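Assemble chain B onto chain A, guided by the hints.
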Amino acid sequence: MLPEAALSLLREVSEAHGGCLLIDGRRGRALLSDTARLLDVCKGLRRGGFTRAIDFTAMHVGASLDSPSSTMRASGKAGQDPPLQNQAGQDPPLQNQAGQDPPLQNQAGQDPPLQEAAGTEARSTEDGPRQARPLQNDFAFFLQLRAPKFGHSGILLKWKWSLIEQAHPSLSLVWASCGLAEREMLEMLGVPFAGNPDLRPLLLDMRFAGHPLRRDFKSPPPQDYASALLADRHEAGLIFGLRQAAENRGTTRPSGSASDNTGASTSLDSPASRVLSPDAQKRSAEAMDYSAELGIGEKGLRTQDSGQPGSSATEGTAP
Amino acid sequence: MTLSSIRRVEKRYDPLLTETIVVSVGPQHPSLVSPVQLHIQADGELIERVTVEQGFMHRGIEMLCSQRDWAGCAALLSRTEWLAGMNGHFLLSSAIEELSGLEVPQRAQFLRSLVLELGRLSSHLYWFGDLGLEVGAVTPVFWAMREREPLLELLDMLSGHRWHGAYIVPGGVSHEPPAAFYQRLRAWLPLMRRRINSYEEYFSDNAIWVNRSELIGVLETDYAIKNGASGPVARASAVDCDLRRDAPYAAYGELSFKVPLGEYGDALDRFRVRFMEMRESMNMVEQCLDALAGAELGSARLVGASLDSPSLAAGIQGKAGQDPPLQNQAGQDPPIQIPAGEAFVSVEGPRGELALSVVSDGGHGPARVHLRGPSMYHLHLLDELCRGYLLADLFVIYASLDIMVGEADR
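Line by line, the protein sequences give chains A and B.
All residue numbers for the first sequence refer to the working numbering, where the first residue is 1 and numbers rise by one.
All residue numbers for the second sequence refer to the working numbering, where the first residue is 1 and numbers rise by one.
No wet-lab data here; the hints were simulated from the structure.
Values in this document were obtained by computation on a predicted structure and should not be read as measured data.
Among the clues, some could well be false.
[Stated by the list, open to error] Below are the DSSO-like pairs computed for lysine-lysine, each with C-alpha atoms no more than 30 Å apart in a straight line:
| hint | chain 1 | residue 1 | chain 2 | residue 2 |
| --- | --- | --- | --- | --- |
| 1 | A | Lys158 | B | Lys11 |
| 2 | A | Lys149 | A | Lys218 |
| 3 | A | Lys43 | A | Lys149 |
| 4 | A | Lys158 | A | Lys43 |
| 5 | B | Lys226 | A | Lys149 |
| 6 | B | Lys226 | A | Lys43 |
| 7 | B | Lys258 | A | Lys149 |
| 8 | B | Lys226 | B | Lys11 |
| 9 | B | Lys258 | B | Lys226 |
[As the list claims (entries may be wrong)] To spell it out: a stretch of chain A is covered by chain B in this simulated footprint if at least three of its residues, at any positions, have a beta carbon under 8 Å from a beta carbon of chain B; those stretches are:
| hint | stretch |
| --- | --- |
| 10 | 12-23 |
| 11 | 52-58 |
| 12 | 145-152 |
| 13 | 204-212 |
C-beta: ideal position from N, C-alpha, C; glycine also.
The following block holds chain A by itself, in its conformation from the complex:
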């Protein structure tokens, strides 16, 4: 339940920008129907007292054409909207705008003759190239704000944004704490934010490709961690030192068993082949080659006692 002062501020901001906010005061939510005024509305809210941005996040709602599971989920997503449309129900002319976005785009995702369905909007000019794309870049954004002035009461601002037309403007100049959330959204969802000076990766590994929270993201097969690690070490030159040390200790294998292990190592690499670039695969194969010489068997156990080569390399657990 939003206090009356906060509610009147919301109404004020909405009126100042052409009534672009659909306000549900009971639940403390507001839907921004005209995203062109996003930055102005945000500045107005901040000036009015909503100085704390608690959370800023997004959800990928674009439906994929090819995979049936995602269209199924998208149709479920269309059913998710009624609460917001009920809010919109207070305001008939705006309800159309608000209700228009996700269901229509989901239809567009399912039916090939989609120009008529999506043709009401400006983006219909881009339909030609977009049909080739498997995915629509539509996102729902959620921003949670709190106002110390109104007893830290919070509102949730929601809007939809299609990234095909333009990049999303950064809110980090309005609320500094949004900068971190935008960094996270860029790597998780692939949403670029225009105007954010610091968009370095935040949580994911630098080698990780893709945006895991997008609908079209396919999880890579389980990565062969050991071979990737060895590839890294090879890159760093550490492996040479290791090999040198092994040679000094006299634990290198004769070439016969090494080639056996190389065969095994290529099969080890195969599940990782989609994750590693060809170059990295080659390096990792080389690294596995060295590992065979080092005596790191298939099970990853080092076999010491160089006395009897060959026999212990395949067992891996020689005492």
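This is chain B only, laid out in the frame that chain A set:
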């Protein structure tokens, strides 16, 4: 970066003696409990800039949640902030209640508040032990673990798990606590009150601690508000925010408590605020116990009746060891379906505001889950807080923020 931090650096700048170096701390470091990497640009001992790298503990909790059913999500969310794991269960339960319109019985609300406050105590005690280690006092960590032990045993008694007790379930709590739970908790409280006082004196009477924390790591009110600080860190900087009072959930609307505030926003204030919070928590626990012993809450039902396909509640209970687990494994009940919609719930965790955003598409699990944790924002305050202080102050400041990397990285 604020003007005062620039001035701090300028004031202590010594052009004659030293050159700028970059020190990399972590991700594995004896003073860092969890993996974070800090690149510190320092002029001799004077910190000029700290760059934080996180993500070493990223487990993809949000993505995993969207691939699991509702019961699985609760367990995952509890693993983000494991010192007070009941917060994750509470967040998901209240999100499900918001989505499906479940009412929580009053007695269950008090039990929820009780468990959440026990979680806060457990987390703050752990912080207190860690703080001692950072400033070179080894004894407090043993005290802290000693005081936590009966607390964890109480939680174990309640839910069958010491850390990730799944006691809070959608529609209420999983069951009425045994009578011995109330007795032991009542016996533990006065002892804890006395000991908390002596622990605070141990620190606040100590010249070394006061010198190392007073006016160290000053977080200004404006900067705290702008950069997403919440919880004790914000309150120490005189931001008067507490969700338990501002947007009451569970039974907090009916409990009376004070919201302790700091004055200067330095490490000492954060220390004081947390100790005052522990006392308030114990007062709240006592109020909950009194209310639960009262007649008007005595016979209320604990789990909401409208959860007619109880597999979700049963699944969580099964983990707590209360239900015969075979029934759940046999898969007699299909996983529960939650109506489509969006839910945004917040809870005042031990470190600050935890906010969960859930989008349901009406399926067996959520379509999108996002957890906002306070630690990520507090971690990136380090740059501002450390500028102009010495390298030795870094870990005092770090410990005073009480950062949990599992929740920052998710």
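Hints versus structure:
1. A:Lys158 with B:Lys11: With Cα atoms ~45 Å apart, A:Lys158 and B:Lys11 exceed 30 Å; violated.
2. A:Lys149 with A:Lys218: Violated. A:Lys149 to A:Lys218 sits at ~45 Å, over the 30 Å cutoff.
3. A:Lys43 with A:Lys149: Roughly 16 Å separates the two Cα atoms, so the pair holds.
4. A:Lys158 with A:Lys43: Cα-Cα ~15 Å, so holds.
5. B:Lys226 with A:Lys149: holds (14 Å)
6. B:Lys226 with A:Lys43: It holds: about 13 Å lies between the C-alpha atoms, which stays within 30 Å.
7. B:Lys258 with A:Lys149: Holds - the C-alpha atoms of A:Lys149 and B:Lys258 are around 19 Å apart, at most 30 Å.
8. B:Lys226 with B:Lys11: holds (25 Å)
9. B:Lys258 with B:Lys226: holds (25 Å)
10. 12-23: violated (count 0)
11. 52-58: holds (count 5)
12. 145-152: n = 4 at 8 Å, threshold three: holds.
13. 204-212: holds (count 3)
Going through the hint list in order, the structure does not satisfy hints 1, 2, 10.
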